[in-house]
Amino acid sequence: MTVIAFSDVDVLDMLVVAAVAVTAILAIAIPRRVGATIAFLVFGLLLALLWARVAAPDVAIAEAALGGGVAGALLVDALHRRQPAQPNRDRRRAVAITAVGAALGAVTFAALATVLSRLTAEPADLGPLALEAVERSGVSHPITAVLLNFRNLDTLLEIAVVVFAAVGAAALSRDRIRTVTDPGPVRRVIAVIIVPALVLLAAWLLVAGTSEPGGAFQAGAVLGAALIIAHLCGVRPARAAGGRALVLVVAGLLAFILLGGIGLAATGTWLALDLSWAFAAILAIETLLTVSIGVALAMLFLAAGSRDDAAAADRAADAPALGGAP
Amino acid sequence: MSAAALVLVPVFLPLAVGALSAVLPRRAAATLTVIAAVATLMVAVLLGIAVLDAGPVRLEVAGWAPPVGILLAADGLSVVMIGLSAIAVLAATLVAAADDHFAGGHAFWPLVGAAAAAVNGVFVARDVFTAFVLLELLTIASVALVALGGTRSAAAALRYLFVAVTGSLFFLLAVALTYGHTGTVDLARAAERADDTVIVGAIIALTVVGMAAKTALFPLHSWLPVAHPAAPAAVSALLSALVIKASIVILWRIVEYFGPLTDLAAPLATAVGVAGAAAVLWGGVLALRRDRLKSIIAYSTVAQVGYMVLLVPLVFTASDPQVAWIGGILITLAHGVAKVAMFLAAGALATAAGTSRLDGLEGTISRMPWTVAAIGLAGVSLAGLPPTLGFVGKWMLVQASLDAGAWWWLALLLGGGLLTFAYTARMLRATFNPPGDFSGARELTRPARTVAIVPLALAALSVVLGLIPWLLIEVLSAAPMGGGA
Numbered sequence: 525m526t527v528i529a530f531s532d533v534d535v536l537d538m539l540v541v542a543a544v545a546v547t548a549i550l551a552i553a554i555p556r557r558v559g560a561t562i563a564f565l566v567f568g569l570l571l572a573l574l575w576a577r578v579a580a581p582d583v584a585i586a587e588a589a590l591g592g593g594v595a596g597a598l599l600v601d602a603l604h605r606r607q608p609a610q611p612n613r614d615r616r617r618a619v620a621i622t623a624v625g626a627a628l629g630a631v632t633f634a635a636l637a638t639v640l641s642r643l644t645a646e647p648a649d650l651g652p653l654a655l656e657a658v659e660r661s662g663v664s665h666p667i668t669a670v671l672l673n674f675r676n677l678d679t680l681l682e683i684a685v686v687v688f689a690a691v692g693a694a695a696l697s698r699d700r701i702r703t704v705t706d707p708g709p710v711r712r713v714i715a716v717i718i719v720p721a722l723v724l725l726a727a728w729l730l731v732a733g734t735s736e737p738g739g740a741f742q743a744g745a746v747l748g749a750a751l752i753i754a755h756l757c758g759v760r761p762a763r764a765a766g767g768r769a770l771v772l773v774v775a776g777l778l779a780f781i782l783l784g785g786i787g788l789a790a791t792g793t794w795l796a797l798d799l800s801w802a803f804a805a806i807l808a809i810e811t812l813l814t815v816s817i818g819v820a821l822a823m824l825f826l827a828a829g830s831r832d833d834a835a836a837a838d839r840a841a842d843a844p845a846l847g848g849a850p
Numbered sequence: 396m397s398a399a400a401l402v403l404v405p406v407f408l409p410l411a412v413g414a415l416s417a418v419l420p421r422r423a424a425a426t427l428t429v430i431a432a433v434a435t436l437m438v439a440v441l442l443g444i445a446v447l448d449a450g451p452v453r454l455e456v457a458g459w460a461p462p463v464g465i466l467l468a469a470d471g472l473s474v475v476m477i478g479l480s481a482i483a484v485l486a487a488t489l490v491a492a493a494d495d496h497f498a499g500g501h502a503f504w505p506l507v508g509a510a511a512a513a514v515n516g517v518f519v520a521r522d523v524f525t526a527f528v529l530l531e532l533l534t535i536a537s538v539a540l541v542a543l544g545g546t547r548s549a550a551a552a553l554r555y556l557f558v559a560v561t562g563s564l565f566f567l568l569a570v571a572l573t574y575g576h577t578g579t580v581d582l583a584r585a586a587e588r589a590d591d592t593v594i595v596g597a598i599i600a601l602t603v604v605g606m607a608a609k610t611a612l613f614p615l616h617s618w619l620p621v622a623h624p625a626a627p628a629a630v631s632a633l634l635s636a637l638v639i640k641a642s643i644v645i646l647w648r649i650v651e652y653f654g655p656l657t658d659l660a661a662p663l664a665t666a667v668g669v670a671g672a673a674a675v676l677w678g679g680v681l682a683l684r685r686d687r688l689k690s691i692i693a694y695s696t697v698a699q700v701g702y703m704v705l706l707v708p709l710v711f712t713a714s715d716p717q718v719a720w721i722g723g724i725l726i727t728l729a730h731g732v733a734k735v736a737m738f739l740a741a742g743a744l745a746t747a748a749g750t751s752r753l754d755g756l757e758g759t760i761s762r763m764p765w766t767v768a769a770i771g772l773a774g775v776s777l778a779g780l781p782p783t784l785g786f787v788g789k790w791m792l793v794q795a796s797l798d799a800g801a802w803w804w805l806a807l808l809l810g811g812g813l814l815t816f817a818y819t820a821r822m823l824r825a826t827f828n829p830p831g832d833f834s835g836a837r838e839l840t841r842p843a844r845t846v847a848i849v850p851l852a853l854a855a856l857s858v859v860l861g862l863i864p865w866l867l868i869e870v871l872s873a874a875p876m877g878g879g880a
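Top to bottom, those sequences are chains P and B.
The end of the first sequence is residue 850 by this note's numbering, with every number in the run present.
The end of the second sequence is residue 880 by this note's numbering, with every number in the run present.
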């Protein structure tokens with residue numbers, strides 16, 4: 525793994541860092557939601573670029589897939605839904621809040637800058653230690669070794685976060701999720717071209733993850749985006765089926781916990797992987813997790829988008845009838 | 396199974412049951428959740444025996460030792476807190492299984508599993524990053540649980556989400572600083588390697604702010620009295636008794652490991668103590684001024700959080716910090732047990748009377764004397780009067796204050812107790828019959844029998860534990876806090 529020394533930081537990096545800061549401020553400062561959303565999406569892409577520049581391609585792919593995929597879809601979907609809250613008309617109050625916020629921000633920034641300047645620039649010795657251990661992990665890509673072997677408890681818990689977020693969101697969107705029945709020719713063509721390509725990309729990210737950047741989170745994010753597009757284009761299997769989708773979502777988590785139990789039974793330690801079957805176990809669990817994550821992310825989108833869609837459809841259906849009434 | 400393997404059971408068992416509950420019918424989900432809570436309680440007992448026997452139980456997950464892998468460890472604090480979590484979940488789920496109104500919907504079952512797994516994980520975590528992920532799981536589950544209170548609770552849940560996520564971000568900054576400074580996220584190794592007073596002070600300060608937001612420590616408390624009452628009764632009970640304890644324990648752990656390393660810890664600890672003192676008074680006074688049961692109990696939580704952080708300044712000044720640690724832990728346990736009893740009893744009264752307003756509860760004491768008694772007993776434990784667990788905890792904190800020569804904490808401990816007594820009395824008074832009416836003829840919707848028994852059983856538990864506190868004190872002293880794990 526390459527260590528970035530300060531001399532490696534060139535003008536391009538500085539420009540990207542500055543652009544990240546500017547888009548972040550714009551995303552907060554722009555009062556109109558369309559502008560703020562665009563700024564946020566650009567922010568995500570620039571951040572992905574920055575991750576790639578600091579030699580963290582795995583994080584870059586995840587950021588691009590999540591920020592540009594599911595998060596982007598959710599934000600854009602929210603844009604033309606609901607009236608935004610009326611801006612606070614009390615100007616003096618708004619000015620006071622901004623002033624206090626800016627002052628607190630400045631103090632925090634100064635304090636953090638002081639603390640950060642005291643950090644030594646030496647890289648931690650944990651990196652080399654982890655690299656040494658990779659050959660005993662069953663896979664050759666160090667990030668995958670960390671995520672699914674050394675610190676697989678964290679990964680399991682992160683999967684649980686996604687799973688239970690989907691469970692909660694599904695429970696809170698009380699209305700039926702609207703199915704797209706007549707997508708029209710354009711959307712049909714989009715579905716035929718994009719969905720298979722995304723599914724293929726997800727599969728590649730998954731398999732490549734054992735030896736190169738990629739893995740379950742990235743593949744799952746891409747799969748989630750594919751499912752959302754498929755749903756919006758009326759592809760039949762992607763039509764929401766709450767109960768069955770939940771089974772897919774929890775299956776990955778349950779399989780991971782089961783793997784932990786198998787480790788306990790086989791080696792006496794939770795989540796331990798024996799080198800002889802570590803590779804197979806990691807690939808199998810990553811495949812299940814990809815499906816779980818993909819379906820969970822798609823469910824989050826559908827849960828957020830469901831209610832107003834249905835209401836809008838009802839209004840559209842009612843409008844001519846009302847208009848025609850005497 | 397060796398003792399070490401037991402450490403992950405309180406995490407994986409509720410997590411697996413929670414995941415299953417998402418796709419199982421209600422009855423099966425409820426049965427499994429109750430069984431998991433009982434099993435967790437048994438594991439807590441087994442772990443307690445192991446701690447008494449040979450000190451902290453350590454588990455290197457997946458067979459990888461730190462710094463490459465993750466260390467989990469159960470000491471006395473972990474054991475008693477896991478016990479509290481099992482009891483709280485058991486009580487809340489028994490009531491929710493008996494009466495669906497207390498649950499708020501099917502998602503209650505999976506989300507309770509996730510929340511229980513997350514808090515138990517925090518209690519055994521010795522790795523700051525793992526602790527962060529567990530806090531995220533807890534936040535997601537708790538916010539969704541609040542939102543189960545129906546459309547009216549949506550705004551409260553959203554506000555809670557914003558505060559909780561901001562708190563997590565502060566802690567994430569602390570985690571990043573820990574890694575940046577020491578090159579490890581393992582607590583013990585990080586404490587060994589940390590040598591910069593300012594950076595360690597910043598880690599403590601960031602944790603204090605983040606956890607204060609998540610625990611609703613004054614002045615970051617204003618989300619709690621909105622969020623906790625908005626949830627269904629069983630959820631309110633779990634949120635007050637259990638969920639805020641996770642962030643408290645993280646704060647304690649950071650103080651335990653990093654506190655001795657920096658001169659900045661003492662002023663920070665004093666600041667925490669002052670915030671705690673303000674919380675005790677402010678929460679107590681506002682609880683006196685509310686006119687809904689759940690709202691009073693929620694403000695009572697704001698006040699009690701003040702007591703839970705009071706050990707932070709005391710462990711720096713008392714000559715025997717163990718007394719302050721154990722006193723603070725016991726008062727936190729007592730709060731958990733009493734709050735489950737109080738919220739569940741309040742839920743039962745509100746269901747029966749059809750309102751949670753104090754002026755609508757008139758006459759309920761004739762029909763539901765045991766439920767009212769549960770509120771009274773729980774209030775006695777919260778106020779720290781004998782013979783309850785709350786008294787034992789408060790007594791030890793009083794000793795630690797005297798030991799540290801800090802008489803002002805003494806005044807606070809006693810004054811806060813008076814306030815607690817006053818708002819409990821106000822709740823009891825509201826259930827009395829109208830003057831001159833001895834018939835007790837008021838018609839009420841009788842709740843299920845379980846709903847009446849469970850709060851009383853918990854209130855009784857406060858007394859039982861108050862009479863035999865040596866059991867808990869033994870376990871807590873077996874592995875002294877700050878002794879490393």
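Please note that the accuracy of each hint is not assured.
[As the list claims (entries may be wrong)] Between beta-carbon pairs, the in silico distance windows are:
no., chain 1, residue 1, chain 2, residue 2, range
1, B, I430, P, A627, 30 to 40 Å
2, B, P830, P, A620, 19 to 29 Å
3, B, L447, P, P652, 51 to 61 Å
4, B, L676, P, T638, 26 to 36 Å
5, P, T638, B, D495, 30 to 40 Å
6, P, R616, B, I863, 54 to 64 Å
7, P, A627, B, P655, 27 to 37 Å
[What the hints assert, rightly or not] Some chain B residues close to chain P (C-beta under 10 Å, calculated; not the full set):
no., residue
8, V456
9, A457
10, W765
Worth flagging that the hints you see were computed from the coordinates, not collected in a lab.
The C-beta atom is built at its ideal place from N, Cα and C for all residues, glycine as well.
Cross-check of the supplied hints:
no., hint, in the structure
1, B:I430 / P:A627: 30 to 40 Å, "violated (54 Å)"
2, B:P830 / P:A620: 19 to 29 Å, "violated (50 Å)"
3, B:L447 / P:P652: 51 to 61 Å, "violated (40 Å)"
4, B:L676 / P:T638: 26 to 36 Å, "holds (34 Å)"
5, P:T638 / B:D495: 30 to 40 Å, "violated (54 Å)"
6, P:R616 / B:I863: 54 to 64 Å, "holds (60 Å)"
7, P:A627 / B:P655: 27 to 37 Å, "holds (33 Å)"
8, V456, "holds (5 Å)"
9, A457, "holds (4 Å)"
10, W765, "violated (33 Å)"
Comparing the model with each numbered hint stated earlier shows that hints 1, 2, 3, 5 and 10 do not hold.
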